[in-house]
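I would like the entire structure built from these sequences, with the hints used as guidance.
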Amino acid sequence: MTDVLRRGRASLAFGFLAQGVAFALLVTRIPAVQDRYGVSDALLPVFLAAVPVLAGVGSVTTEHLVKRVRPSVVLRWSQPVVLLALLGVGAGERMVELAVSLAAFGLAVGALDASMNMLGVSLQRSYGRSIMLSFHAAYSLGGIVGASLAWAGAHWHLALWVSYLPVAAVLLPAVLVGSRWYVDAGPAEGGAEGGAGAGQGGALVFKLLLPLCLVMSFAYIGDSTVSNWSAKYLQDVLGSSEQLATVPYNVYMVTTLLGRAIGDSGVRRFGAVAVVRAGAVVAAAGFAVVAVAPGPWVGMLGFTLLGLGLCVLVPQTFAAAGRLFPGASDAAIARLNIFNYVGFLVGSPLVGALGDAWSYRGAMLVPMVLVSLTLVYARSFARQPDRYGGGHERPRTADVGRGSNGL
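Each residue of the sequence shown is one higher than the last, beginning at 1 in UniProt numbering.
Hints listed in this document are in silico derivations from the structure and should not be mistaken for laboratory results. There may be inaccurate statements among the hints.
[As the list claims (entries may be wrong)] Label pairs and their computed distance ranges (CB to CB):
| hint | residue 1 | residue 2 | range |
| --- | --- | --- | --- |
| 1 | L165 | H64 | 32 to 38 angstroms |
| 2 | R180 | L354 | 45 to 51 angstroms |
| 3 | T2 | L301 | 39 to 45 angstroms |
What you are looking at is a predicted structure, and each value in this text was computed from that prediction instead of being measured. C-beta: ideal position from N, C-alpha, C; glycine also.
See below:
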C-alpha cells in the first residue's frame, strides 16, 4: 500500500504540473491568440469570460459525474481534452474554431480542476498528514515552465501551433501513462455518505461550506489582481520601465512555488488555522505595501509578499472542505471549485473599474480588505478533528514511512 500511495502521489503531482503548463501557455499568449484570429478588443473580454464560466459548468457536471464514475476516470480523460483544446486554439484559423476550442478548454478545465483536487484531498486523508500544498507547488512549477515556454515562443516569433504542438506531444502521452497510478480513496473512516451536515438539507450543507467558498473567492480575486494588473501598476503608477514591469508576476510565481513547497511542513507543525491566518496577514500586508509604494522596487517587495501569503490559501481551502465533509468530499470540492472561477471573473474587472474611476493605488486596498476577511473565517479550517499537523495528526490509514515526501 505504501508504494501505491507514493506512485499515486507522484502521478497526481505530475498531473498538477501538466495543468500548470497548459494554463500558463494559454493565458500568457492571449495577445498572440487575439492577433491570429482578429479578435477585437471589445470581443476579447467575452471570450476570456467564457472560459471560467464554462469551467464552472464543468465543475458542477463533475460533481454529478463522480457519483457514477471515480474521480480518477474524470481526471484521466479531461486532461488530454485540455491539451488537445490548447492545440486547437493554436492551430485554428476561423473565429468559430477558436470559440469551440476555448469552450472545450473551459469545460475540461473545470472537470480537471475539480477531479484532481478530489484526488489530492483523498490522498491527503490516506497519508494522514498535510500534502495538499505539494500538489499546488507542482502546479506553480508548471506555470513557471509554461510561462517560460510562452516567452520563448513570443521571443522567437513562433506560430502558436508551433509553440503548442511539442508541449501537447510530450505531455499528452505522459499524463495518460501517469494516470495508471492515480489512487481513489474511499470515504473517511466514520464518514457516513453525505458527510458532516449532509442529510440535514442541502441549504445547511452550503451554509457550512460558504465560509470556505468566500475564502476561495477572495484568494482568486487577489491572484487575478496580480496576474492582470501588476505590470500595468508598476509601469503606469510606479514609473518603472516596460522591461522591469514584467518582473513582479515572475517574482510572484516563484514565491508562490517556494511558499507551497514548504507550506505542508508549516501545517504539520502549527496546524492549518495558523498557516491560513499567517497567509492572510502576509497577503494583506503585500497589498498594503503595493498601495503605498513610492517606487517600483518597493512595489516588487509587495508582490513578493503577496506570493508568499496567497499561496497557502487555495490548497488549504480544498483540504478543509475534505475535512468538513469527510463522506462527501468530492461533492464539496466540486462546489467549492466554482468559486475559483467566481474570484477570477470578479477580481480583474473590479480592480480595473476602481482604478479608472478612482485610482489604482486605492483599488489595491479592495483585495487587501477582502483577503483580510479570511481571518474571520479561519476557524472553518479546523472544524473537524483530523487537523493534519503536529499535535493534530490522526492515525494514518496506511504506513507511508517517515521519509516519504513524494515529489
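**Message:** Under the constraints set out in the numbered hints, which ones does this structure not fulfil?
**Reply:** Failing hints: none at all.
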